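Residue numbers (our numbering), protein chains in the order written: chain B, 1 to 1004; chain X, 1 to 181; chain P, 1 to 107.
These aren't lab readings, by the way, just hints derived from the structure by calculation.
As the structure is a computational prediction, the values presented were derived from the model and not from experiment.
Be aware that one or more of the hints could be misleading.
Under the rule of at most 16 Å between Cα atoms (straight-line distance), these lysine to aspartate or glutamate pairs were calculated in the EDC-like manner [stated by the list, open to error]:
| id | chain 1 | residue 1 | chain 2 | residue 2 |
| --- | --- | --- | --- | --- |
| 1 | X | Lys33 | B | Asp918 |
| 2 | P | Lys12 | X | Asp128 |
| 3 | P | Lys27 | B | Asp918 |
| 4 | B | Lys434 | B | Asp249 |
| 5 | P | Lys12 | B | Glu751 |
| 6 | P | Lys95 | B | Asp450 |
| 7 | P | Lys12 | X | Glu14 |
| 8 | P | Lys107 | P | Glu87 |
| 9 | P | Lys27 | B | Asp581 |
| 10 | B | Lys988 | B | Asp918 |
| 11 | B | Lys25 | B | Glu156 |
| 12 | B | Lys234 | X | Asp3 |
| 13 | P | Lys27 | B | Glu710 |
| 14 | P | Lys12 | B | Asp450 |
| 15 | P | Lys97 | B | Asp450 |
| 16 | B | Lys684 | B | Asp450 |
Some chain X residues close to chain B (C-beta under 8 Å, calculated; not the full set) [stated by the list, open to error]:
| id | residue |
| --- | --- |
| 17 | Phe16 |
| 18 | Leu39 |
| 19 | His97 |
| 20 | Ile181 |
By construction, the Cβ of each residue, glycine as well, lies at the ideal position given by its N, Cα and C atoms.
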Amino acid sequence: MSARLGTGGRLIDRAAGVEFTFNGKRMRGCRGDTLASALLANGQTLVGRSFKYHRPRGIMASGPEEPNALVGLGEGARFEPNQRVTTTELFDGLTSTSQNHWPSLEFDIGAVNDKLYRFLPAGFYYKTFIHPRPAWKHLFEPIIRRSAGLGKAPTEPDADRYEYTYGHCDVLIAGGGIAGLQAALVAGASGLRVLVLEQTPHWGGRAPVDGDVIDGKSADDWVKSALQALDGMKNVTLRARTMVSGVYDHGYVLAEERIADHTPGDGRPRKRLWRIRAGRIVSATGALERPLSFAGNDIPGVMLASAMRDYVVNFAVSPGDRTVVVTNNDDAYRTAIALKEAGLVVAAVIDARAQVTGELPERVRAMGIRVETGRGVVKVKGKKFVTGVAIGLVTGEGAALEEIACDAVAMSGGWSPVVHLWSHCGGKLDWDRKAAMFRPDRNRPPLTLDGTAMVYPAGAANGALAAADALSDAAEAAGAALAALGREAPSVAAAQADSVAEGDLLPVWIMPEGAGPALKSKMWLDWQNDVKVSDVQLAAREGYVSVEHTKRYTTLGMATDQGKLSNINGLAVLSGALGADIPAVGTTTFRPPYTPVTIGALAGEARGDIFQPLRRTPMHDWHLSQGAYMEPVGLWQRPYCYPRAGETHEQAVNREVTNTRERLGILDASTLGKILVKGPDAGKFLDMLYTNVMSSLPIGKCRYGLMCNEQGFLSDDGVVVRLTEDSWLCHTTSGGADRIHGWMEDWLQCEWWDWQVYTANLTEQYAQVAVVGPNARKLLEKMGGMDVSKEAIPFMTFAEGTLGGFPVRVHRISFSGELSYEIAVPASHGAAFWELCHRLGADLGAMPYGTEGLHVLRAEKGFIMIGDETDGTVIPQDLNLDWAVSKKKEDFLGKRGQQRSFLASNDRWKLVGFEALDGSVIPDGAYVTAPGSNEYGFRNAQGRITSTYYSPTLKRGIAMGLLKNGPARMGEVVEFTSASGGAGVSAKVVSPVFYDPEGEKQNV
Amino acid sequence: MSDPVAALNGAQSEGFVRVREIGPVGMITLRAKPGTPGLAEAVKAASGCDLPQPRRITHQGGMSCGWMSPDEYLLILPYHGVAAAMAALEGGLAGTHHLAADVSDARAVFRIEGEKADQVLRKLSPADMDTVGEELRRSRLGQVAAAFWAGEGGYTVVCFRSVAGYVMGLLTHSALPGSEI
Amino acid sequence: MLILECPCCGVKAEETELSPGGEAHLKRFGPGSTDEDFETYMFARQNPKGVHFERWRHAYGCGKWFLAARCTATLEVFGTYPAQTTEPPAELIAKIKARRPDWKGWK
Ligand SMILES: [Zn+2]
């Protein structure tokens, strides 16, 4: 059983005790522990159940590669599932719960899956549950969903806050081990901006644990002096607890900083997402140890050899009293030495190699530890914990030569450089046959914007595993990165490490090599997704030859650890099964993130009130104070209606429409686009932009205009006013202001750049108030300040002056058919002017009306709305707006497009009005049916509804829509589809102008 | 007539730096190419400021002139000084191709004040704050366009009026105590 | 996430400060043009794996449109230049030819 040792532990503070719970059980750890080391110190070797078979699982690793030990962390609004205990820093009050079991970790009903493994092979999702079809939906899927899935989703909104920060540097160094620090010392000396990010809270990586001696000092001391030197450089920024998650185009790098994970609720943001732009990137991300594939390699107590010595050296935790080390390389002997030096028993080192004569093995032998060569583990004994190992010939079929009792197994299958950051943006890999590892191919790097290499692998991440090699490699990599930035490498000598000569590794992908099916079905490749050697071999037998396909079929490497431990072993097994060379089979693609990033960090500050930028008019607060029901119009917030107590929205809209027609309605029209166009060529420019002529508009007058795209389709409409000889103010739709301003600038900058025209988007400079209805003029007269009579401001003209003391521009335009003034006032006065309108209008029957009332009013008049009557396939002629399309102008945007035969055809669907025979409101979007059906069997259509409302003025449903040859079919009765597919409503084709067709009411 | 009201009526927040909405501030957008006859003189007459070099902002007596694009400047002055400044511009630029418009009410202006004011912008803008220096930088804050420049112990930020609440929210969130970078 | 230097204001803008505008150097065909020419102007676009000329607007910046030459495969940026031209500058073409000897030219 694992336990805390009496002495040692370079990262823990024994004096600072920390209390935490695991599955409700109170436990004690030390400051400096990870949750993993604290659980082990408390003897908790069983920490979870596997995903598919619910096998008992323990801690395997000591870093982000951990596949088994995932827990639910925290409670309530601070609960987060799937947290790796190996990267979770312990803090007082931490609560954790294990996952993937029911009803308890110790006794799990799902473990029956383990007995059924024969029926849950690779690809079982695709095979077993396909027939009969309905069984998937009703039987299999609900069961699988209940038992599958890692952890549980949180149920409460996240209590923490998150943020982004943008970082800029010349050289980004990912990884704060000795290679990263060496690279930083070189890069820092250049004076360029250097950012060094380390995922753990500690600097120095593995070197202090491995006992390296650098420049004559212990690794710990060398790291301390390197950090001191870097701290003294103003151009170097060091940041721990920050994981580089991905490398993207042009030096874009994402990193997740864990600020308050270990101090929850202390008022700091929990995490910060760094969005970095780096000139060059040094990837000093180290290497990960590979497991070995022997039967029972997932039983709690089996651990990576390097992790085991991490626990002993860093945290003074013994993984067991009696350990068997199994290896194919010299590095694992360091674990044997560390265990022995900590006073623990190493029962034996089982080495797959026939000859073992390196310096480290000799030291182990000299310590009196038994070393068996040419042997492998045939099988691990035990269920919820290791009780021993059976050993046999590594080349054999699995006959046990001997059983050795032990309670822990340390395994090492060699090391894989962490090539993720190199690979994210397309860096290619080479298979190093001697070291049996994929390493970055410096001749095929990922490229950045000038076409040169973007990432420089350094140290173990480049395959330089020994400290001495790693340091010189890192110095060289930093120098190359500086050279790419046009800097000479500063004369900083690489630190020297004492090197230990290590013997060659012997690749062993299946142990023993001749193992039969019974053993291979217990050899785990991917612990988290429960993929075994037998599954990959089955995939190969079933015809899978591509590593990418095999990955998806078996789910190898697709869990949250993204195959950090399983990829190479799985690929080697596949290669073996296919009889192909490892580099010929290749690796799967490495994709960001390196380790999972919390969704909250990705969202950053965009949450709650600042989730998105809602645009507000100057009258916004007034609307809210009056209980307005707001609706989004683009990003604008606009009142839909102002319901009174007891009123439905429909009743409110009807009241607002009727009041506007009979007395006085007041609308916040501030969102209307207002673009100033000025210059000697402004008239010529507007004549190109609008379908009708704007250059001839007299000063002081207003004209309705249409804009089309080059295909000829309607894109926007609005009233244009001529301000002066060389300036026009173009009103656009509320949603269209920015788009149309951009459209104008596009043509001026990119096509007619010699035309003398300037534009300015003045949309937000003015609040705009529509004062509408028979009493509109009376209200303005009450305000006083300017003549608002018909003679002074006739219909379709404007005037500037003051009203009630406010500087205004008053337009006589109408989108309702009533007497109407649209008054622009500087936005800083908008709220005050609006309130004045209501105060003085009270005894004239003034009421605010919202966007829905506006829609009903305009539909009663047959006025079109961009986005209702148009959908990007409608031309002005379809809407009977031929009068607004100039025949005289040689050219305007869209003219050539409209000349295309399909658009010029006489058979197009054209605008008409519809009145349901029963007076009802025709459903929006309903189609007018036509006889027969099309080639797909759908009913033919000859028209459709574009706007449909209840008209409180006419007290019946009214609709506008497009109908084939519509204007020639007045009085005809047509049939509409219904949403249910049953009989639809019948309606009469009528003029789309339902109210005051002569326009008498607006022109008074 | 009542007094002009800024978008957020002078909202403030205190974090590791102080954020406050100022204004209303007078602003004139001036579109003209640098070689326009009388341009520098007109800008001087209107604001007292020299015509700024690309990406720079000049200051004089509480008024400023920022370079916004190769043919656009932004004059910043007291709200009630706009009419006079507009008259000075129109006078100085009569007969030339230009556009001058009062945009005082179309904008919201914020001050971020304190030693670490730059950190608030580092969180929200992709601009490289180490190189912004004396520049008027146009970029984005979160999801909206904004312009900012350093001076007087902090930064001045200008955005569109309709999104003032959003920008205040961004600045406040980014300046919360404990979130120093 | 590209970085393109805006030639109008000199800012090294990142992609989130820019809006894309499709292929550069299209010739407009208006009234009087043939159906074929109009169709080409409206719809026919290049989609090369390699050197490409594009329109970009410094939308969260100076607001100006500019043109960029880049490799769609490696994302190498050969250069950016103002939009007021009907063809890429000669020195940019020379630079691209030096970097991509097999390139067949911009049109
Ligand atoms: Zn620019």
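Of the hints stated earlier, which fail here?
1, 3, 4, 5, 7, 9, 11, 12, 16, 17 and 18
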